[in-house]
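**Q** The lines below spell out each chain.
Number of protein chains: 4
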Amino acid sequence: MWEDDEIREECGVFGVYGDPAAARLTFLGLYALQHRGQESSGMAVSDGHHIASHRAMGLVSEAYDHGERVNDLEGHMAIGHNRYSTTGTSNVDNAQPFMVNFKRGQLATAHNGNFTNTGALHLSMEETGSIFRTSSDSEIVLHLIARSNESDLPGMIADALRQVEGAYSIVFLSDSQLIGVRDPRGFRPLCLGRLGDAHVLASETCAFDIMKAEYVREVKPGEMVVIDEEGIRSFFPFEEAEPAACIFEYIYFARPDSKVFGENSDKFRRRFGRQLAEEHPVDADIVIAVPDSATTAALGYSEQSGIRFEIGLIRNHYVGRSFIDPDQSMREFTVRLKYNPVQGVLRNRRVVLVDDSIVRGTTLNQLVRLIRGAGASEVHVRISSPPIRHPCYYGIDMQSRGELIASQTRVEEIRQYLGADSLGYLSIEGMVKTGKEYGKPGVGYCTACFSGDYPVIPEDSLNKLMLES
Amino acid sequence: MWEDDEIREECGVFGVYGDPAAARLTFLGLYALQHRGQESSGMAVSDGHHIASHRAMGLVSEAYDHGERVNDLEGHMAIGHNRYSTTGTSNVDNAQPFMVNFKRGQLATAHNGNFTNTGALHLSMEETGSIFRTSSDSEIVLHLIARSNESDLPGMIADALRQVEGAYSIVFLSDSQLIGVRDPRGFRPLCLGRLGDAHVLASETCAFDIMKAEYVREVKPGEMVVIDEEGIRSFFPFEEAEPAACIFEYIYFARPDSKVFGENSDKFRRRFGRQLAEEHPVDADIVIAVPDSATTAALGYSEQSGIRFEIGLIRNHYVGRSFIDPDQSMREFTVRLKYNPVQGVLRNRRVVLVDDSIVRGTTLNQLVRLIRGAGASEVHVRISSPPIRHPCYYGIDMQSRGELIASQTRVEEIRQYLGADSLGYLSIEGMVKTGKEYGKPGVGYCTACFSGDYPVIPEDSLNKLMLES
Amino acid sequence: MWEDDEIREECGVFGVYGDPAAARLTFLGLYALQHRGQESSGMAVSDGHHIASHRAMGLVSEAYDHGERVNDLEGHMAIGHNRYSTTGTSNVDNAQPFMVNFKRGQLATAHNGNFTNTGALHLSMEETGSIFRTSSDSEIVLHLIARSNESDLPGMIADALRQVEGAYSIVFLSDSQLIGVRDPRGFRPLCLGRLGDAHVLASETCAFDIMKAEYVREVKPGEMVVIDEEGIRSFFPFEEAEPAACIFEYIYFARPDSKVFGENSDKFRRRFGRQLAEEHPVDADIVIAVPDSATTAALGYSEQSGIRFEIGLIRNHYVGRSFIDPDQSMREFTVRLKYNPVQGVLRNRRVVLVDDSIVRGTTLNQLVRLIRGAGASEVHVRISSPPIRHPCYYGIDMQSRGELIASQTRVEEIRQYLGADSLGYLSIEGMVKTGKEYGKPGVGYCTACFSGDYPVIPEDSLNKLMLES
Amino acid sequence: MWEDDEIREECGVFGVYGDPAAARLTFLGLYALQHRGQESSGMAVSDGHHIASHRAMGLVSEAYDHGERVNDLEGHMAIGHNRYSTTGTSNVDNAQPFMVNFKRGQLATAHNGNFTNTGALHLSMEETGSIFRTSSDSEIVLHLIARSNESDLPGMIADALRQVEGAYSIVFLSDSQLIGVRDPRGFRPLCLGRLGDAHVLASETCAFDIMKAEYVREVKPGEMVVIDEEGIRSFFPFEEAEPAACIFEYIYFARPDSKVFGENSDKFRRRFGRQLAEEHPVDADIVIAVPDSATTAALGYSEQSGIRFEIGLIRNHYVGRSFIDPDQSMREFTVRLKYNPVQGVLRNRRVVLVDDSIVRGTTLNQLVRLIRGAGASEVHVRISSPPIRHPCYYGIDMQSRGELIASQTRVEEIRQYLGADSLGYLSIEGMVKTGKEYGKPGVGYCTACFSGDYPVIPEDSLNKLMLES
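Protein chains in written order, with our numbering: chain R, 1 to 469; chain V, 1001 to 1469; chain W, 2001 to 2469; chain F, 3001 to 3469.
There's no promise every hint is true.
[What the hints assert, rightly or not] For lysine to aspartate or glutamate, the following DMTMM-like pairs were computed, each having C-alpha atoms within a straight-line distance of at most 25 Å: (1) K1103(V) / E2214(W); (2) K338(R) / E1068(V); (3) K3103(F) / E230(R); (4) K3103(F) / E126(R); (5) K3103(F) / E3126(F); (6) K3338(F) / E2062(W); (7) K338(R) / D1292(V); (8) K212(R) / D197(R); (9) K2338(W) / E3062(F); (10) K3103(F) / E459(R); (11) K2103(W) / E1062(V); (12) K103(R) / E3459(F); (13) K220(R) / D421(R); (14) K3338(F) / E2126(W); (15) K103(R) / E3126(F); (16) K103(R) / E3165(F); (17) K3338(F) / E2240(W); (18) K3212(F) / E2126(W); (19) K338(R) / E1062(V); (20) K1103(V) / D1065(V); (21) K1212(V) / D421(R); (22) K3103(F) / D93(R); (23) K2220(W) / D2283(W); (24) K3338(F) / D2292(W); (25) K440(R) / E214(R); (26) K220(R) / E230(R); (27) K1436(V) / D1421(V); (28) K338(R) / D1065(V); (29) K2433(W) / E2403(W); (30) K2103(W) / E1068(V).
In case anyone wonders, no lab produced these hints; they're calculated from the structure.
Okay, chain R solo, but in the shape it has when bound (with noise of 0.2 Å):
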């Protein structure tokens, strides 16, 4: 489970062509990636002349006064973004899509990702006299756009890209063309589906379901698609490399209902609850999730175990985002706004709490301790996923390696931290096994975050954390 005070950076980006509703196809689309990224949205829409465009802070419903801004942008082709923030300094500057003029006209871009060399990319543009109004990894592509002597958009686009490396599934929307852009080892999804004549570009498959949209394949790693009134045409722009799809769509991400990487989630999610009841099976009378995103994982588990799943907690939706901070003396109350335990669910039961990760453990910790209070004899929790140990530089805004409490604990430590009988995480063999097991095949997985393995040395570690995606 991720807690609330360890919100981490990871967008969702749509794109579309070829419908005269296209504004409101793509308010629709990023409404079902809201969950990829709920401080600001953004998109931008082109009529074949010009683009005009809609940021503002907030959930999409709100960011755009309920559909009412949507009305106003007219044209068929268009992109959007959902931004996840990192700081608490965020504000609508850094909102996507980021949108500029240049000499071949004006230019949007929406990205999902981290760049690893932007640190050094940035100090050389400056040098020769660029200026920069954000931190954003997009503001540095769109320069490096600029400065290419390529003849053509999607040429200039490839030539910028080759010059960062990092993490990045990205759309792009001149006044005539649509592009979307995925690194060469995939880090990140990108799906490419069909409204009638319409194309679309989508972060995750659950962006097609609302509007209907059929899905076609993924763009695949180091893939260029471009999308103009001729039509659709692929490019490989980039050297090859090892794919390293980030495994943590599958175990949090992710829709449920979604695909991404070729694969529905949902499967994957209950796949490793499975595994994670064989490597840590327990004797206990009840399975329950922490709500909502454990719950598939949690109902393999019980499948896989024989132990009876049950709803023992309840998770208050209404809960604001931008509740105000009890005082001190209220502070034990914080949990319990969130999560409701059901007493005659958990009283007298020995109870298995299954979560998909920990990042602090503070409001797992918490969660035990209601649990407890609500009268389970035993409470054993059992996590769907690997410890985490190491950054991610790639896009997932994880706390720094002193705040990842498996970065420096073992695991008998954390089971006391959080007061639990017994803990188990999923293994990283075993997750990977089922990743190749269950996953389209060629597809290799990104495992840095647990095991130290990182695909793509980051040039400045320190320095990636204080950018933005």
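Fit chains V, W and F to the supplied structure of chain R, relying on the hints for placement.
**A** Quick look at chains V, W and F alone, frame taken from chain R:
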């Protein structure tokens, strides 16, 4: 399932006496009772001399500016109210607590329920010179109190309530007393708790849990509890009547982790699900629920039937309440905004879809299509309550009879409308038997909306539907 | 000059009968009457069957969302009200029109003035079972009307108003009648106009001018006009009394382009200025006004004295009403935020500074320093009204007597406090003489705040100050 | 008079170095400069290490939440900007200060004026790889600075500004320096002041008065002042040019109590009025002004002509800027919402109506009718500036030539359109003579909008109109 467009009137009340953080506790209590009323929220707080109040439209967190407004309300005793609206013309004038000055000073009241003889009372009071600012039941009660010749406030309140009929769980706050009353039949719940030296009252015990208050007992049907500096006293000022607890509290209203009428609602939901499986077995592969309200019933169905429970529908919790209506061509997207089918779970499966109730059936009709669209081979709808055939006059705003699909349509026709392969409702007998078997001894249930068997004949049923709780 | 921190209670009322754009006309009328009340605005509109209303805090343009809210209010008859608040705890519950249901249906009322015997009425009505939601005079009147046994609404209203004493210009709207009444002494103004076939009522004629309505006459002291589908009828239901028009309307309240009490207020302001010059001549270079309210009096002073009129102070019209208080070290900037001295005009000049009145004198003290700081060699303060020594019980919220600088301080001491070279007030005799000479024949004036000579003895003066107009 | 629908681009800038309350002083300064820009406001504040900024739409008091936002901005040096918009698509992206990172760290800038050669600069910079987020002149300057090879910031700024032409009074803030520059012709004003040990810069001296800062002198045409911990230094990095102060600052823009170009604008307004009376005498009873901007000129006309000055029009200061357009049938009310004629003053009088300028003449046409409607027997319009016949390319957004009534219409035709009995404009010669006679020695004026005599030929006049100040 209650569809969004079939919003019902149902309210939540709270009271506390004897804690210097009375306003803050009321805020927490109302927050926990959010599911009972989302249109407006208000509280009145007394410091022993003066009552201050705040009422506003919106969710609890919004209504109090995320808690900030609470700081201005000083005192050790308070009442609060969340309101659900029936009409589009809702405004803050109708928000509760309702507060007035009368011959004994200030008096505030908050009310859950509905009176059935207010039309006549209203007319007769107007004839003798009363003026009314709202059509609220609460205002009528306050007029009756003000006209009473009894010598103390509890006596005046008893005098007033003896003149009204119907359903009420109601709290009053004077400058120095907190008073809670439940109607003689006990239609609506009201619980009594203790937090250190303070006494608390709430519609459901989830309001106690959030503040770690201890559940003491329910306020009994016909009981008045008076709490002041002399402690807590109990009176039974009304003629005894047959108990008639609203069984819909167990079917849908109460939060699963709450006690109402002395028992956990979660337990009933599961038992209704088991009973439903006994009454309407079917050969199928998986059981899924319409989330979140029908999940526990679906688990019960799964247990009893041995058919595996699965998460087949994901509910989108970001759906704003004031979402702008998609235009005609987008109408089909509506249900997709709220529910996402999990293809990996549903494809080629024979599905039992459990819901808690059907009012008009429009959303369920769309859900069945959505589930089939995700590849389900069969969809068997099971409803964990009997067909709703009659309007409620005791505080639930079901549609007028013409809009209740079951009031004029046989089950087979409803099945056809829903497009389901089969449809089974829990029987009235099965529901009542379950209620008797698992409920607190001595509790009787109102089943009027299913059976038409009204415990109190409304003076004017049409008129009733116009009045607000 | 009335300083910002000495806000007074004074309201504006409007009514129209017989125009399908009644709501829009009321909006325009209230807009023109904005200066009479800036805290809240409201209107009630009847289509002959049903009264709908809207009330909100803020300026007229804000209160109706820049006019948008007006479109929902359909009907051919309406009343409206702008309110000035006396207290910090102002809220929308106190906004008018006040609307209730009583035995004859709906009734709305809007009121300018203050009753002087409401304390006793209030108590006696509570004793017989009435409840009150506000401390407003209007609510008391509505109770009296509801208790009347007269057979028609005009009779009931007359019956009610015969029981109250004090100052009122009040309008009522039932589903089918517009009724306007002025108290027997005619403290506050009320004008009657005509717009095509429609009849209009307003506190001042500027509300007629904005809609090109024709001024017909003032509603007379003690007159009730009843306007309905049978036309307009006039009644005099009260005992005759000595006329006592509030001369402060001419000194400060009424807009200079308005007629009140049958004459242009602008004319009086100029005449007061001339009289002031006669009574308090001085050898000086220029005459300047505290803008905008004292400008006409300053022109009068200039004409009579022959001393040149100049614009020596510029008023900053962007000052928000809710400006956050500068901290202690910035206190000295306060008056600079509002008034800017014109150095080129003031330097080395002997200045006559004309203001319309002094309440506490704090702002005038700062202005004198500001003018000296801009280089004026002498500052002679001239006030176009007599010293205010007594509180008003008829609808103007002057400070309690202790806060009126003139109630306890001699003119010479006030001069010293202001730091002026000389100080001259208009004499009561000069003011009344001017009023008689230029006013409509037969109008008598209330001079109570200057002379202490109260036309109606307030039942309880302290109590009165707590009640709102 | 500038009508509301003829809004012009004109901005206000402010800067302060050396006061720990820099943000608060900037807030006060911008507040005093509110009349120069009402669309948006922003400030950037440095604590010597880091620049923080806040920009928002709306009036100064709104943009900073009535001052609250100022508290977060810590530092001892700051710049601020109020912006007037030309287009409906105004948004916060265009609000200033504009802030970027470049090779020397952070840099913020705020600008009043307009460049005349940005089209070519823009194109050439894009060709060499620059990207632009806005069409603002400020962004172009920042690009030029970032590309400069000079060794220090003042040198880089001088280098950049040597490449642009046109009108600018511009301030820059780095982490450690405050720099102010005025273009070589000095089109727009910029004043230097002192507040204790701190230095202040502002478009007009009214920003100094509000904080009791002392006026030191104007920044000279072509001067750059650099303020940092070493004190204040002055440079003249540009080739000398003929001075060309915008005489419209004296006619209309500058606040009457402000000094610009070294002299009080009030003095000029009065002198223009006297000159106007000499050039266009008329036999009349009273002189009135279109308030508030023409009042001083009207006083001058009155003095010179001996005709009595009167307040004949009252301006309604409650008019919201975003007032909803009355529908067609209400169009005639528009001017009545803003101006109220004083009948007692106007009836049967021969009126001289003084205004400061005419752009399209639509409002003046309505005002003449309003004044006649109030009973004036004659209306003689006198304009205290010459006919505006040519567009301005130096920062004032007059209409395109086709919309300037005087560009294509003779005075007699304008008189007929206005419905005036006579019409007289101040002559160019009279205006310039007055400017020379009363202005600071050595100041030359730009009269291009009257004479067509442009000091700097715009590279592309049409293009210019698209760019923003």
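**Q** So, against the hints stated earlier in the document, which numbers end up violated here?
**A** 1, 3, 11, 13, 14, 17, 18, 20, 23, 27, 29 and 30
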